[in-house]
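Asks: As given, the protein sequences belong to chains B and V, one line each in that order. Position one of the first sequence corresponds to residue 1 (our numbering), numbered consecutively onward. Position one of the second sequence corresponds to residue 1 (our numbering), numbered consecutively onward.
It is possible that part of the hints are untrue.
[To be verified] Pairs of lysine-lysine, PhoX-like flavour, derived with a Cα cap of 25 Å:
| hint | chain 1 | residue 1 | chain 2 | residue 2 |
| --- | --- | --- | --- | --- |
| 1 | V | Lys113 | B | Lys315 |
| 2 | B | Lys235 | V | Lys303 |
| 3 | B | Lys235 | V | Lys337 |
| 4 | V | Lys172 | V | Lys113 |
| 5 | B | Lys315 | V | Lys149 |
| 6 | V | Lys147 | B | Lys315 |
Everything labelled a hint here was simulated from the structure, so no lab data went into it.
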Amino acid sequence: MTNIAAAASSSTETAAAPPMTLAKGFVDRLVIIIPYLWLLFFFLVPFIIVFKISLSQTAISMPPYTPVLDFKDGVAGFFAGFRELNFDNYTWLTQDALYFNAYVTSLIIAGISTILTLIVGYPIAYGMARAPATIRPTLLMLVILPFWTSFLIRVYAWIGILKPEGLLNQVLLATGLISQPLVILNTYTAIFIGIVYSYLPFMVLPLYSSLEKMDYSLIEAAQDLGCPPTGAFWKITFPLSLPGVVAGCLLVFIPAVGEFVIPDLLGGSQTLMIGKTLWNEFFSNRDWPVSSAVAVILLLVLTIPIMFFQQAQAKAQEQGR
Amino acid sequence: MKSLGSIRRDFAPWNDPNAKPYIQFDKVTKKFADFIAVNNLSLTIFEREFFALLGASGCGKSTLLRMLAGFEEPSAGRILLDGQDLRGIPPYKRPVNMMFQSYALFPHMTVEKNIAFGLKQEGMPGPDIEKRVAEMLRLVKLEQFAKRKPHQLSGGQRQRVALARSVAKRPKVLLLDEPLGALDKKLREETQFELMDLQQELGLTFVVVTHDQEEAMTMADRIAIMDKGEVMQVATPAEIYEAPTSRFVAHFVGNVNMFEGRVAERTASTTRITGATGAQIVVDNGGAAAAGSDIIFAIRPEKIKVSSKKPADAVNVLEGEVYDVAYLGDMTVYHIKLDDGQIVRASALNASRITEDPLTWNDRAWVSFRPDAGVVLTR
């Protein structure tokens, strides 16, 4: 009986539906098309250009690589140029240990920095989420505030703090905690400090948003059932904040791998990171094809955590939490 | 079959002067920054009692429950459980468990993990936990949902998981904060009886907070009516309804007619009241009202008889006309406008299908009631 009724109603629905779904479908599609067009023009097209350059050979000319794919010599010329493309630059990357080391070092530095940022950021986000609701917007503002100053200037400021005769050493020497100035600038430590400082908001904001919407009565319930506060944190709060942890870690890790400014300014010449290597290839060696190959490989390496991020997000959405 | 309803004739420890109190609130005060949630409150609850804290929101009933659970500490006074002062004992060390209004089920754990949570904290061995969890699932009829997560359950099922989780540890006292508040009406009624059966079966002491008087009346052995951080009356549902001690309680539970008046004459057995507008009322149970004092006479609608002719033998008769009639099926509610202007609400059970001489709008009508039908309130 109800089945028949349902079937009848659904058939009338489909009969009446087409004009509506058409109009609705068009608007829906338009909304989806805009970001796709954006990605097409500002991501896919530039990527194809970079990829094409990575298959070219360096040359002393303008632009500094060959072949240049154009239709000066007609369609035949275009295809003749096409046949000259090859993977020599990628082979070259495997032959010089410098690149491999730079990739691995970058991944390790980004990984350690991410963990450090999580350790620093979690208590901040937790404190914000547990603060009285009236002062939370202010705290949020304070986290975002550094963005109002240029990133470059803020990293420069750290040189003044970390250098041997800098602010930090002056304070430590004056208080008698150390007798010799600490050498921090131009070491990996300085890079860690720079990355943790610069990327902290990217960690704090997703953590805060996942902690803030958590129902505090869950903690009370855990305590009520005999769980002391520290146990309740690890059994309830932390697992429920995992989507925020994953999002924050990837938002820090992905840009940190390719970071150029921080290692260049704070890490000195001794430190090796892929962003710096890329910059050197491009501007010092003027080898556009090799630097393009470096960039393409970097993108492929980063695709793995990005896919992981996507999957985690989809899972979190499915759980409805 | 077990009798439904809360009337347990053999259970009345509050009338026994030698009965040992189980939970004692002793002059408890709780102040928050700018207001007093609980004000110098004393209350005694007995073992195996089903006790309800009833009041409007903000009356302090939830604060009282949270103090018992340990989430709040009293600003002054003591709370004793089984003779032990609870001050300074954190929630995770108290032998009480709470069922939260929001249920507070752990969203990342399955139903069985939720129920097992408290048992694991206790350090109960694995096989025993499994046994207890299975027993709890059977008790709340959720055996086939053990592996589900809370978001895959209906509201009623979540409520039962929350219940199973809170009784799994066999607490000395189970605290229930608006346990049926999120359920729809039909489910709520069913669940009321389930809760009562469960309390009987497990032999636990239940303290339930509710703003729903019907819920409290149905389930509780005794009810404490609260207002502005104070207890207005503690009594059985029948006493609360039939013998309220204040205007607030009479008003709060059920419908009531109130007559303002003054005690004109007081003898050992009868009290004669002169209404503010001249009506004369004679009652048996004058209570503490002294002659000449201003009082309120309160009477429930179903205790008032409405008739189209003046009843010959009734002690209290007032005359007026029918102002409103509402036919509700099982009963009819009349609003009679007395000649002095006061509107009286009276309800008559429709015991037979056909009413002879039905009253309708603007008919003359007489309301009458027995001398023992109402109560005299002095506050």
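Asks: Going through the numbered hints above, which ones does this structure break? Give me the numbers in ascending order.
Replies: Hints 2, 3 contradicted; others consistent.
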